[in-house]
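The primary structure of each chain is shown beneath.
There are 2 protein chains.
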Amino acid sequence: MKQLENLIDRIIERVNINLRETGMDVGPYIRNALQLNHLVKFYSIYGFSPQHPVLFSFRRSNLAGSYFFGKCTVDLSVVYKSDIRGDELKKRGEVYPFQGSQISLRDDEVIRIRDACLIKTLVHNHSHDPEDLETFLIQNTVALHYANIHGAPVEGCFLGPFSTVDLTTLTDCIIGTFAYVQVGELSHQQVEPGKIWVKSKDVFDFSYCFPKKVLDNYITLEPDKKPRGIFIDFVDARKADFQEIFDVVNLKASISVPSNASVSRYALVRGESHISENVLIAQRAYLENAWMGKGANAQENCYIIDSRLEGNNVTAHGATIIHAKLGKNVFVGFNSFLRGTPDHKLTIGKGSIIAPHTIIDLDEPLDIPAGYLVWGYIRNKKDLKKHNISAQELSRVKGKFTRGAMKFQGSGAKFVKAFQHRIDHILEANGAYFAGKNNKGHAQTEQDIAFNIIHPYSKGRLKGLYPSIDIRP
Amino acid sequence: MKQLENLIDRIIERVNINLRETGMDVGPYIRNALQLNHLVKFYSIYGFSPQHPVLFSFRRSNLAGSYFFGKCTVDLSVVYKSDIRGDELKKRGEVYPFQGSQISLRDDEVIRIRDACLIKTLVHNHSHDPEDLETFLIQNTVALHYANIHGAPVEGCFLGPFSTVDLTTLTDCIIGTFAYVQVGELSHQQVEPGKIWVKSKDVFDFSYCFPKKVLDNYITLEPDKKPRGIFIDFVDARKADFQEIFDVVNLKASISVPSNASVSRYALVRGESHISENVLIAQRAYLENAWMGKGANAQENCYIIDSRLEGNNVTAHGATIIHAKLGKNVFVGFNSFLRGTPDHKLTIGKGSIIAPHTIIDLDEPLDIPAGYLVWGYIRNKKDLKKHNISAQELSRVKGKFTRGAMKFQGSGAKFVKAFQHRIDHILEANGAYFAGKNNKGHAQTEQDIAFNIIHPYSKGRLKGLYPSIDIRP
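As given, the protein sequences belong to chains B and Y, one line each in that order. Numbered per our numbering, the first sequence spans residues 291 to 763. Numbered per our numbering, the second sequence spans residues 291 to 763.
If you are wondering where the hints come from, they were derived from the structure by calculation, not from laboratory data. A virtual CB, placed ideally from N, CA and C, is assigned to each residue, including glycine. A portion of the hints provided could be inaccurate.
[As the list claims (entries may be wrong)] Each computed EDC-like pair below joins lysine to aspartate or glutamate, with the alpha-carbon atoms no more than 20 Å apart: (1) LYS707/Y x GLU683/Y; (2) LYS749/B x ASP377/Y; (3) LYS381/B x ASP405/B; (4) LYS542/B x ASP738/Y; (5) LYS749/Y x ASP738/B; (6) LYS542/Y x ASP738/B; (7) LYS292/Y x ASP738/B; (8) LYS542/Y x ASP377/B; (9) LYS753/Y x ASP537/B; (10) LYS542/B x GLU683/Y; (11) LYS749/Y x ASP377/B; (12) LYS749/B x ASP738/Y; (13) LYS542/B x GLU534/Y; (14) LYS292/B x ASP738/Y; (15) LYS753/Y x ASP738/B; (16) LYS542/Y x ASP419/B; (17) LYS753/B x ASP531/Y.
[What the hints assert, rightly or not] Rough simulated footprint, nothing fancy, chain B against chain Y, three-plus residues with beta-carbon under 8 Å: (18) 594-603; (19) 697-706.
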C-alpha cells in the first residue's frame with residue numbers, strides 16, 4: 291500500500307500549491323475522504339458503448355472510479371467513485387459556433403484529468419469553453435462527497451461536499467459545502483457554504499445563501515472529520531442496497547422498460563415503479579415506488595421515492611424527491627432535497643422550476659403552483675412565500691429585486707428564458723423528444739452500455755492501485 | 291456483428307494458408323466452435339498479481355478470453371475461453387542455460403499471439419526453445435475444445451479437441467483429436483487421433499494409439515459438427531454450476547484454505563472437500579468431495595470428484611478423477627479420464643504415473659500398485675495388464691520393447707528419470723515443497739490474483755468484439 295500512500299501525498303501537495311493564496315491545506319479532507327482499507331476492497335466499473343469513442347487511459351497509478359463513459363485519459367490520479375460521463379464530447383471535424391466564429395475541432399475532445407485528485411465526483415462534460423475545445427481539463431481538483439462538476443473545466447479547486455460547479459470554468463477556487471455556482475468563469479475566489487449563485491455577465495445575477503444553522507443540520511464539513519448531516523445519513527442508509535447490484539456481473543432487469551427508454555444496469559429500481567417511453571434512468575439513480583412519465587429522467591445519484599412524475603421531468607444529478615407529485619415539465623435542479631411525508635405531501639405544478647440546491651423538507655402538505663421558480667429552504671406554506679416567484683412576475687423584473695434572502699439584479703426575462711432554454715436542451719439531450727427515428731438522446735443511445743469491472747492489486751506495494759489500463763475500440 | 295464475422299473469415303484464411311500442404315480447411319471447425327450469438331453474451335476475466343509483470347494488450351479486435359495472467363500481447367485475434375498463464379515467463383536479465391551457453395534475456399519474455407485464432411486453449415508457458423527466449427509465439431493456430439498448448443511455441447497448427455502439445459515447438463502441423471505429443475520439435479506433420487507420443491531425440495521414443503472405435507465413444511470430431519462423446523457430455527453437465535461462480539463479482543470462499551495454499555476464486559469447490567497445506571487449486575478446476583493432501587495440485591479444467599489424494603499429487607490440465615484413492619506422489623497426466631464408481635473404486639499406489647491421455651473407465655474395482663506407469667484404455671484388471679509397466683522394469687529396458695499396443699525404443703532408465711524429474715519440477719513450481727520462506731511456488735504466489743471483468747460491445751457493428759485493452763502496472 292506504500293505507493294498508494296505516496297501518491298496521495300503527492301496529490302495533496304499539488305492541490306495545496308494551487309490554493310496557496312488561501313492558505314488552505316486539503317490534506318485532512320482528502321485523507322478523511324479516502325479510507326485506504328476500504329479503497330483496497332473496491333472495484334470499478336467502466337462503461338462503454340459503440341456510440342462513444344472509447345479511450346480510457348489511466349497512467350501511472352490510479353485507484354477506484356467507476357463508469358467512465360466516452361474518451362478519457364487520467365494521469366497520476368486518484369479517481370474514486372467518480373462517474374465521468376464523456377458522452378457529450380465533441381468529435382473531430384465538428385464545428386462549434388461561438389460569437390460568430392465557426393471553430394472546427396482538430397481532434398476528438400478528451401477529458402484529461404492530470405495529477406489530479408477527484409474523490410466522489412460526477413463530471414458530465416458538455417464544454418462551453420471555446421479556448422480549448424479538444425481538451426476538457428480537470429487538474430489538481432479535489433471534490434468531496436456528492437459534489438458535481440458539470441460541463442466545464444475546473445483547475446486547482448477544492449469543492450466541498452454536495453457543492454456543484456455548473457457550466458463554469460473554475461481556476462484556483464474554493465467552493466463551500468452545498469454551494470452552487472453557474473457563473474461562466476471564476477478565478478481565485480472562495481464561495482461560501484450554502485451560496486446559490488447564477489450569473490450571466492451583466493445580464494443577470496441571482497443569489498441566495500442558506501443560513502448556516504439550517505445548512506449545518508443537512509450537511510456540514512469540519513477539517514479532520516467526515517462530512518455529516520441529514521444528506522449523508524440519507525445516502526448512507528441506502529448504500530447497502532446498491533452494493534447488491536454491484537456484486538453481480540450481469541443483472542437481470544427488474545422492471546419492464548419500453549424499447550425507446552433506458553434504465554442503467556447500475557440503477558436501483560424497486561417497489562411499484564413504472565417506466566414510460568423516452569425515460570432515462572442513469573447509473574446510481576435510486577427509484578422506489580416511482581412513476582416516471584414519458585420523457586422524464588432520473589440522473590446520476592438522484593433518489594425518487596413514493597413519487598409520481600408526469601412527464602418531461604428533469605431530476606438532475608444528486609436530487610432527491612420523496613412523497614411528491616410533479617406535473618409535466620417540472621425541473622428539479624442538482625442536489626435539491628425535496629422531502630414530503632405520507633401525511634405531508636408535496637405537489638408541484640406544471641413547468642415549475644426547483645432551483646438547484648433547494649431544500650424542501652415539509653412539516654405540512656405543500657402545493658407549489660404551475661409556472662413558478664422556487665429556491666432556498668422551505669418547510670411549509672409560510673416559508674414558500676419568501677422563496678418563490680412566478681416566471682411571469684420574474685420576467686417583468688428589470689434591475690434590482692429581492693425576495694426574502696434572495697437577491698436578483700438584471701433582466702428577469704432573460705434569466706427565465708435562459709433557464710427554460712437549458713431545461714429544453716437537457717430534455718432533448720436525454721431523449722425525451724425522441725419520435726420514431728428523430729431526436730435520439732441518451733435514453734435511446736445508452737441502452738446498451740457494456741461494463742468492464744476492474745479490480746486493484748490485492749497485495750504488495752501496489753495494493754489498492756489499479757494497473758494502468760488503455761481501452762480502445 | 292459484421293466486424294466479428296469479417297475477423298473470423300480473415301483468420302480462417304490465414305490458418306488455411308499455413309496448412310495448405312495438407313489441403314485442410316479449418317473453416318467449418320472454427321465456425322462450429324464459435325457460436326456468434328453466444329460469444330456476444332460472454333464476458334472475460336483477466337487475472338493479474340503483483341508477482342507477475344502485467345501487459346495485456348489486445349489490438350484491433352478480439353472477442354472472449356479469460357484469465358490472462360502475466361505479460362501478453364494479442365493482435366488481430368479471436369481468443370475464446372482461453373486461459374493463457376504467463377506466470378512462468380522469463381524476465382529481462384535472467385540467464386537461460388542451454389548446452390553450455392548462458393543466454394541472457396535482453397527483454398522480458400512476452401506471449402505474443404499474432405493474427406491467430408485460439409478457441410478454447412490453455413497456454414501455460416514455460417518455454418524451452420532457446421532460439422527466441424523473449425517471445426513465446428503462437429501464430430495462426432486453431433485449438434478446439436479442451437486442447438492444451440503447454441510450454442512451447444506453436445505456429446500454423448490445427449489442434450483437435452482434447453489434444454495436447456506439451457513442451458513441443460510445433461510448425462504447420464495437424465494434431466488429431468485426443469492426440470498427445472511431447473517430442474521437442476515437430477514440423478509439417480499430421481499426428482493421428484488418439485496417438486500418445488513421447489520422444490526425446492535418439493534417447494527414447496514411447497508411443498501408443500487408442501483404437502478408433504474406443505476413441506469415438508469418448509471424443510470424436512467430424513467437419514461441420516461440434517465435437518461429441520463422453521468427454522463433452524461430462525464437461526457440459528457441469529457447465530451451469532461454473533456459471534454461478536462467474537456471475538458474482540467477489541465470491542466468498544466456500545472452504546477453509548491454509549495460508550500457504552491457494553484456491554482460485556474461479557475454481558468450483560463443493561461437498562465435503564478438504565484443502566491441506568501447499569495445495570494449489572487452479573482456475574476452472576472442479577472439486578467435489580475431494581480430499582487434497584499436502585502439496586497436491588488440481589490444475590486448470592481438471593475434475594476431482596469423490597476422491598482422496600494423499601499428497602504431492604499432480605492432476606494436470608484437463609484430467610478427471612472420480613471415485614479414486616491416490617497414494618502420495620501419484621501423477622495424473624493431461625486430459626486423463628479416470629472414472630471409478632461407488633462399486634468400482636480405483637486405487638493407485640504411491641508414486642505411480644498415469645500417462646497423459648489415459649482412459650481408465652472401470653467396470654470392476656481396480657488397484658494399481660505403487661511405482662507403475664500406466665497408459666491407454668483400461669476398464670478392468672485384464673486391460674491393465676497390457677497397459678502398465680513398473681518403473682523398475684522399464685528402467686531395465688534398452689532398445690525395442692512392446693507391451694500391448696505400446697511401443698518403446700531407447701533407454702527406459704532415461705525415460706523414467708525424465709518423467710520423474712519433470713514431476714518433481716511441476717511440484718516445485720506449484721509450491722508443494724514450500725517450507726517457511728523457501729521454495730515458494732504457485733500455491734503461495736497466486737493467492738492474491740485480482741481479476742478484471744471485461745465485456746464486449748453489446749450493439750452495432752462491433753457487437754461481440756472487445757475494445758482493445760492495454761493494462762500496465
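Now for the hints, and whether the structure bears them out:
Taking the CA atoms of LYS707/Y and GLU683/Y, the gap is about 13 Å. The hint holds against a cut of 20 Å. About 16 Å separates the Cα atoms of LYS749/B and ASP377/Y, which keeps this hinted pair within 20 Å; it holds. About 25 Å separates the Cα atoms of LYS381/B and ASP405/B, which puts this hinted pair outside 20 Å; it is violated. Taking the CA atoms of LYS542/B and ASP738/Y, the gap is near 30 Å; set against the 20 Å cutoff, the hint is violated.
Only pairs whose Cα atoms come within 20 Å are accepted, and LYS749/Y paired with ASP738/B is accepted, the gap being roughly 6 Å. Proximity of LYS542/Y to ASP738/B is assessed by CA-CA distance (about 30 Å); at most 20 Å being required, the pair is judged violated. For the hint pairing LYS292/Y with ASP738/B, the CA-to-CA distance comes to about 17 Å; that is within 20 Å, so the pair holds. Among the hinted pairs, LYS542/Y with ASP377/B is inconsistent with the structure: their alpha-carbon atoms are about 36 Å apart, more than 20 Å.
For the proposed pair LYS753/Y and ASP537/B, the alpha carbon gap of about 25 Å is over 20 Å, so the pair is violated. Using a Cα cut-off of 20 Å, the hinted pair LYS542/B and GLU683/Y is violated, with the two alpha carbons roughly 61 Å apart. With a CA separation close to 16 Å, the supplied pair LYS749/Y and ASP377/B stays within the 20 Å bound. Simply put, LYS749/B and ASP738/Y have alpha-carbon atoms about 6 Å apart, close enough for the 20 Å limit, and the pair holds.
Of the pairs offered as hints, the one joining LYS542/B and GLU534/Y holds, with about 14 Å between alpha carbons and a cut-off of 20 Å not exceeded. A C-alpha spacing of about 17 Å is found between LYS292/B and ASP738/Y, which places the hinted pair at or below 20 Å, so the restraint holds. Distance restraint check for LYS753/Y and ASP738/B: the Cα-Cα separation of roughly 10 Å lies within the 20 Å cut-off, and the hinted pair is therefore satisfied. About 48 Å separates the Cα atoms of LYS542/Y and ASP419/B, which puts this hinted pair outside 20 Å; it is violated.
Under the criterion of a C-alpha separation no larger than 20 Å, the hint pairing LYS753/B with ASP531/Y is inconsistent with the structure, at around 31 Å. Chain B is given as covering the segment 594-603 of chain Y, and this is violated because 0 residues of the stretch bring a CB closer than 8 Å to a CB of that chain, at least three being needed. Evaluation of the coverage hint for the segment 697-706 of chain Y: breached, as 0 residues show C-beta separations to chain B shorter than 8 Å, against a requirement of three.
Checked against the numbered hints above, the structure breaks hints 3, 4, 6, 8, 9, 10, 16, 17, 18 and 19 and satisfies the rest.
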